[in-house]
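Residue numbers (my numbering), protein chains in the order written: chain F, 1 to 911; chain V, 1 to 63.
Keep in mind that the hints were calculated from the coordinates and are not lab data.
Careful: at least some of the hints might be erroneous.
[Stated by the list, open to error] Derived DSBU-like pairs (lysine-lysine); straight-line CA-CA distance at most 35 Å:
1) F:K446 with F:K238
2) F:K446 with V:K5
3) V:K5 with F:K785
4) F:K687 with V:K5
5) F:K451 with F:K95
6) F:K335 with V:K5
7) F:K754 with F:K732
8) F:K662 with V:K5
9) F:K785 with F:K859
10) F:K754 with V:K5
11) F:K95 with F:K289
12) F:K238 with F:K95
13) F:K859 with F:K687
14) F:K662 with F:K859
15) F:K662 with F:K749
[Unchecked claim] Which stretches of chain V does chain F cover? Using the computed rule of at least three CB atoms under 8 Å from a CB of chain F, they are:
16) 3-16
17) 20-32
18) 42-52
Think of the CB as a built atom: it goes at the ideal place given N, C-alpha and C, for glycine as much as any other residue.
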Amino acid sequence: MLHGPVIILTSFAYLGVLFAIAYYADQRADAGRPVIANAYVYSLSLAVYATAWTFYGSVGRAASDGVGFLPIYIGPTLMIALWWLVMRKIIRISKQNRITSLADFIASRYGKSALLGGIVTIIAVVGILPYISLQLKAVSTSYLILVQYPEIVMPQALGALSMRDDTALWVALILAAFTIAFGTRHLDAAEHHQGMVAAIAFESLVKLLAFLAVGVFVTFVLYSGPGDLFARAAAQPKLSSMMTPLEGVAGGYASWIWLTVLSMMAIMFLPRQFQVAVIENLDERHLNKAIWLFPLYMLAINLFVLPIAFGGLLHFPAGRVDGDTFVLTLPMAEKQEGLALLVFIGGLSAATGMVIVETIALSTMVCNDLVMPVLLRMRSLRLNEQPDLTRLLLGIRRGAILLILLLGYLYFRLAGEAYALVSIGLISFAAVAQFAPVVLGGIFWKGGTRKGALAGLLAGFAVWLYTLLLPAFARSGWLPIGLLEQGPAGIALLKPLALFGLAGLDQITHAMIWSMLANIGAYIGVSLSASPGVHEHRQASLFVDVFRQGGEAAGARFWRGTASAPELYNLLARFLGAAAADEAFRQYAATRGRRWPDDPPEADAELVHFVEVQLAGAIGAASARVMVASVAKEEALTIEELREVLDEASQVVVYSHRLEQKSRELEAATAELRAANERLTELDRLKDDFVSTVTHELRTPLTSIRAFTQILLEHPDVEAGERNRFLGIITKETERLTRLINQVLDLSKIESGKAEWRESEVDMRTLIGDAVTGMSQVFEESRVKVELELPETVRPVRADVDRIIQVLLNLLANAVKFCEPGRGRIRVALRDEGGALRVEVRDNGPGIDVTDQELIFDKFRQAGDTLTAKPHGSGLGLHISRQIVEHFGGRMWVDSRRGEGACFAFTLPHG
Amino acid sequence: MLQEKAREQRFIAICMLGFVLFNFPVLALFNVSGTVLGIPVLYAYIFAAWALLIVLLALLAER
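Looking at chain V on its own, in the form it has when it is part of the complex (with noise of 0.2 Å):
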């Protein structure tokens, strides 16, 4: 029971980490001019921050 209480709470944390990653001002942090390996920042950033949420989301739902 404690331990789905547990899960219940990384989830709803990578949902909000989410919001955080993919809002203002986190996202207007990246919308700058300039290239990361030849990608515009601000797609390589949006990109990126997307795999990490679904690294997360795999460690989490696969225990």
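Only chain F is shown next, with the shape it has when bound in the complex (with noise of 0.2 Å):
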């Protein structure tokens, strides 16, 4: 069944699958509907980055080292988990600016500047070479193989090397057809691929399925799970010494450490990467779903890698199978057609995946960056007074697509042969890493400039060349295989493999620890020498301040000049066509209150940055700035203006966020005096009532004592009787003066916080009795009835047991006070209230005015009108009450009406 047709006509009906579900998407999108506006997608379109290479090559690589090919999906994690940081940054930035590609970010963070991203470009495209003819080999490999069945035969030993080639070139072409026909139909201004985007998902979607139904076939059918197949491996001494590799590996942890850095970077800086995470994202938020569903993504497609692997070496002989093709072989020969074929379009998908996004991405920096600066330069184009390039820019697109796919084929015939899937594409790893120091060194320091960018690049493009794309050539045969192993001239501290003597590295490690040597320290070490220019130093600041800019029109400001608006509308009108420009211009005007065209809007700063931004989106940001400078004059602004212009900014923000925060600590510090002087003045006049209280109360029993004893002195001759009452008088007066001092005493002491408080468990009931017994005497004197209410038993309380025996006595004294004589009748309450304790007191007295109750508890203060009625007592004893019970956590209060007695309360808490 399964026949070279066959196969064919399966692999069109899947790539005409993939053109309706991009179809379809593009359809909603322009009707406003997009597919592929959520967070699922997002994160099954960062995916791409799972190609052949994963597909077919980690098997491979897992045959030969175990572990060794996981740090390449271990890396994405540990950098997705900075993403929140990083890449959310780098979204906001390309948003503002209308950032279309890597190079046009690159070019744009260094001062727009054409050199810079025409090198990007060049740099990405020499480097994913190899990558793209990884695609190629994998898939025109595989078809080789399948054809075969149900013979398991490796492409290598069939001999006919013309037929495999014509395969790739077969392969190649059909690619750049399907990618040109679904990437370049339109020109959108901001680059959004939403069909590409929904293909590629659905891509995601069918190699993870594939993969997996390919890693349960081997684990659960051909072996009883993965115990047996690990057990099986075990009993032969060759795959044993797999199971614990990193040792015997080439570099062993070295290695491992530097491929999970590479990888971390070129997640985020390979040009597909790019493409899907920062071009077509469509909100920063669905970041939160991919950091945690992408790297969910990667555990899943690796977790049956390695028993395919031990699967693959425990069916085949040694050495006949390439470990590369286990994935397809291992269902071929177990006779299962369907499995084999859905590994097949699996692997189909996982290369159309990445040839797609990397062509599209690819094809875009070669217009922007490459093509269109040079053309635009070239005044006998006369390019400016074209009508229309929407054509044109579409056509360079189309011719992009097809060399890159075409030198990819050239890669694969000069170089691909020699190396294994996984090496061939760290190759193009190493390239794309040299693009970290310039961006992530771009976004987060100010100092970067467009010479040390440069210098990085080109230093660090130039050590890969020299010591991973050389010995590629030269292993192929297509240079002198001495070179490697002498040194060019036999100079042997320049050898490729060894530079300086640095050996005993495996070549990856080695590749990259020169290169970033050379990058990073070219770009700091030229970036410092020299202080950047204008416009440098602007985009350094829009770039770095990112989240501090209000907007896209943070730009604007930097602009100053005279144009027209009419001219600014036939500029974009060339480069989008009429009806996009039409658009662009009447909600232009529309958030300015005018009309398009009938009331233009001012051609002021705002505008002409609005169209180079918009034009930036088609032709890129170098290249948008030469042709708004054409029609637009503009007046160049020095350095000192831009820095007044920049500090102005960001010291003003800086300024106000203080003075915001100042003024709110003033405004909570005013509150704080205010409340404090209050308090204050209220004190000071406390203390003056209460010291002209205390005299006053002092006064009268004093004034009483003197003049007793004044009679006394002055008449010797005062009967017996009538001595006895004065001096008793005199005694109980002096009582009074004690027990006031004593109250004033303890007052100031608890006040103050200095009294002592001696807490034990205490039971009220016998407080009670205790308090009635110690008063029993001077309820017969006022002939007062006293009854008790106990309960039987009741919780203890803690409490000191004087003070409240004080509390006690107090309301007891004041009940008989108020009582009349010989008909007082007092009862005395216990009861638990669950939380607390309750005391009452409660006599039939004349009881108090509600508006007394609260005053009572004052100091000094006592019911009635203390001028005309003599006071009973100091007008200590209630206040102090309170304060102890309040101490102990209870409260006190009194429930009366006049003329119907008083019933005083106080609760205290359980423990």
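Dock the two chains into a complex; use the hints.
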């Protein structure tokens, strides 16, 4: 059943499905109801990271060094943890500046430098070629193997070299045609390819399902579970040595960590990853899901790599079948035709996904950052006068896609044979890693300059060419192999694989160490040695401070000059087409309260900036700047002026933040001060009152003592009975004086917090009994009846016995004082209220006015008119009692009405 | 603002935890022969640690 036509037909049917999905998504996007505007599609589209390398190559790598394939997938997991800091910033910057590609991003950051954009494009294209050749190799190899079914023959053994090459060429051409139809149907100012993203997300599902299907088949059908598989592998000495492989692999842990770092950079800076993660991102919040869903996808697609690798090694005699093909050859060997076809489609989807996105991203770069800047500078072409350039732009992109795929095929012919899939891919990873210093440095460090970026990129790229690309050609026989073994012209120190004598490392680790050293060193060194120009300065500030700037309009601050709205409109129409330009101007005018074209908006800095940003979406930032400059006369901004604007802006922001904070602090402090002042005034008044009341209270008994002693002194002949009465009064008044002074002292102790409290478990029943007994003499004298209402038992409370007795005595004494002698009745009740004990002392005296009920707890306050009525006591007793009760967490109050007696009550909480 | 800073720091901490888990010397501790539930120790460890990182990321990112 698996004949060539069947396989080819299935493949085309699959590509047709992809096309249908893309078409549908594009239609929906045009209708304003995008299908890709959700976090799951975004996460799946990121999985374009998993290519044929993952699908076929991981198993091959695992079959030779065990877990050695894993750092490539663990690295992205570590990197994505930082995406919330790094990627969110890149996305925000790109949206505000209409960035269309990685090259555009770097060029834009370093002063919209066309030269830098061009160099980034060249590095990206050259660096990615091995990676594209890997996809071509994987698809053509898998086809050649599958078509031999039921035989399993490695393509190398086929002999007919021309046929193999033809397959790869056909694959390249078909993919080019497909990508052109796919990605360059029309020009979008924002470079969004919603249809492509939808198709890529679908491809991610297909390759995952296909790989899991093989994994489950090998692990559970061919063998009975992973335990069985690993046990059988362990029985073979050659395989068991792969179970703990990290010491054995060349480079060991060093290689492991460098691969991790390398893949951390790849997930950010591969052109296709930048395309799906940044350019195609519709909403920053999609990152939240992608941050964990994407690593989960990586984990899932790697789960069965080792079982398949071991299964293949156990199944096939050593060396007869290439590990890179186990995924396909295992189902074939077991006569699982359907599964084998599914695998082929899975591999195809992995490869096409990569090729489509990568070539679209690269073609955008080639068009916007390499070809257009050159064409626009060639005055003889008179491009400035062409009415419509959209067809030219699309043509350049289509040509670029075809060219890139053909170059990929060329690389496959020249160097692809000597390497396994993973090794080819790693060469590309190392190339894009060269972008890491200038991008990461560019968004966090304002000091990086255009010259620094140029130097860093060129130095890193040169080392990459010398240590990775050159050896690849030498090994394939296109360059003399002596170059590797003896070094150029026999100079051993310059050997590409052991530069300056650094030997003993694997090729990638070696190349990464030297290229990063050269790259970062040159970038920082050159950046620091010269100061940046005006445009660099302002772009650096726009990028690094993106979260502090005020949206797209921020860029307009830096422009000064004259322009006319119709000229700007014509410019936009030339590159975007009249319809798109009309729409853009209409929207812009609407935000200014104008109507296009009858009432055009003012051609101020903001309009110029708006047009430049729109244009940047189509032809890149560097070209857009040149074009806008051709119609708008810009007055040169001196570096001092720019600094002023920048410093003003950033300082104003900082100052206003600080001012806000200071004024908030001031307000708080003022409020506190005012409260403190009020409290102080109140205290001062209270103190005055207190002093005058105390002196008044002291003077009353003193006056009467003095009067009676004077009588006794001046009239020694006073009758004995009379003298005794006088002496009794004197004694009573001194007692009152003493009591008053004691209470004042007590109060000051309590209020100043110096009073001693001796807490213990207290049984209130006993305390009430003691207090009543102690007062029994007084009750009898006043002929007052006392009734107790105590429960059988109560739970104890924690309190100071003496103080509580003091409270009780005070309440009882008060009650007696206000009772009419002979008719007085006092009821003392104790109740357990769950959380607290409640004590009530009720009398049948005259009662207290509602208005007085709170006042009587104040110092020296008594109910009624103190001026006319004789005071009953010092007026401190209730105040002190309340303080005591509140100290133990309880509260004290009074219920009463004039003429109906009073009920004083307090509570004491349990422990 | 404060919350955002705290969130950033937690993401950085997870990344650093990952570096520790997938690096010498922790990795070397598990680079021994033997199996866990029939799976070689090193492989079992790597996938378990990986899953742990993903769970931490999910908890933090979805808050």
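Hints versus structure:
As the CA atoms of K446 of chain F and K238 of chain F are separated by approximately 54 Å, the hinted pair breaks the 35 Å bound. At roughly 21 Å between alpha-carbon atoms, K446 of chain F and K5 of chain V fall within 35 Å of each other, so this suggested pair holds. Proposed proximity of K5 of chain V and K785 of chain F is contradicted: the alpha carbons are some 73 Å apart, above 35 Å. Simply put, K687 of chain F and K5 of chain V have alpha-carbon atoms about 51 Å apart, too far for the 35 Å limit, and the pair is violated.
A hinted pair counts as satisfied when its Cα atoms are at most 35 Å apart, and K451 of chain F with K95 of chain F qualifies at roughly 25 Å. For the given pair, K335 of chain F sits about 57 Å from K5 of chain V by alpha-carbon distance, which is inconsistent with the 35 Å threshold. Under the criterion of a C-alpha separation no larger than 35 Å, the hint pairing K754 of chain F with K732 of chain F is consistent with the structure, at around 30 Å. A threshold of 35 Å between alpha carbons decides the hint, and for K662 of chain F with K5 of chain V the separation of about 21 Å falls inside it, so the pair holds.
The hinted pair formed by K785 of chain F and K859 of chain F meets the criterion: a straight-line CA distance of about 30 Å does not exceed 35 Å. With a C-alpha separation of about 46 Å, the suggested pairing of K754 of chain F with K5 of chain V is violated against the 35 Å cut-off. A C-alpha spacing of about 20 Å is found between K95 of chain F and K289 of chain F, which places the hinted pair at or below 35 Å, so the restraint holds. Restraint check for K238 of chain F and K95 of chain F: not satisfied, since their Cα atoms lie roughly 54 Å apart, outside the 35 Å limit.
Note on K859 of chain F and K687 of chain F: the hinted pairing holds, with a Cα-Cα distance of about 11 Å set against a maximum of 35 Å. For the hint pairing K662 of chain F with K859 of chain F, the CA-to-CA distance comes to about 42 Å; that exceeds 35 Å, so the pair is violated. Under the criterion of a C-alpha separation no larger than 35 Å, the hint pairing K662 of chain F with K749 of chain F is inconsistent with the structure, at around 41 Å. Taking a C-beta to C-beta cut-off of 8 Å, the segment 3-16 of chain V contributes 6 residues in contact with chain F, enough for the three needed, and the coverage statement holds.
Given a C-beta distance limit of less than 8 Å, the hint that chain F covers the segment 20-32 of chain V holds, as 7 residues qualify and 3 suffice. Counting residues of the segment 42-52 of chain V whose CB falls under 8 Å from any CB of chain F gives 6; the rule of at least 3 is met.
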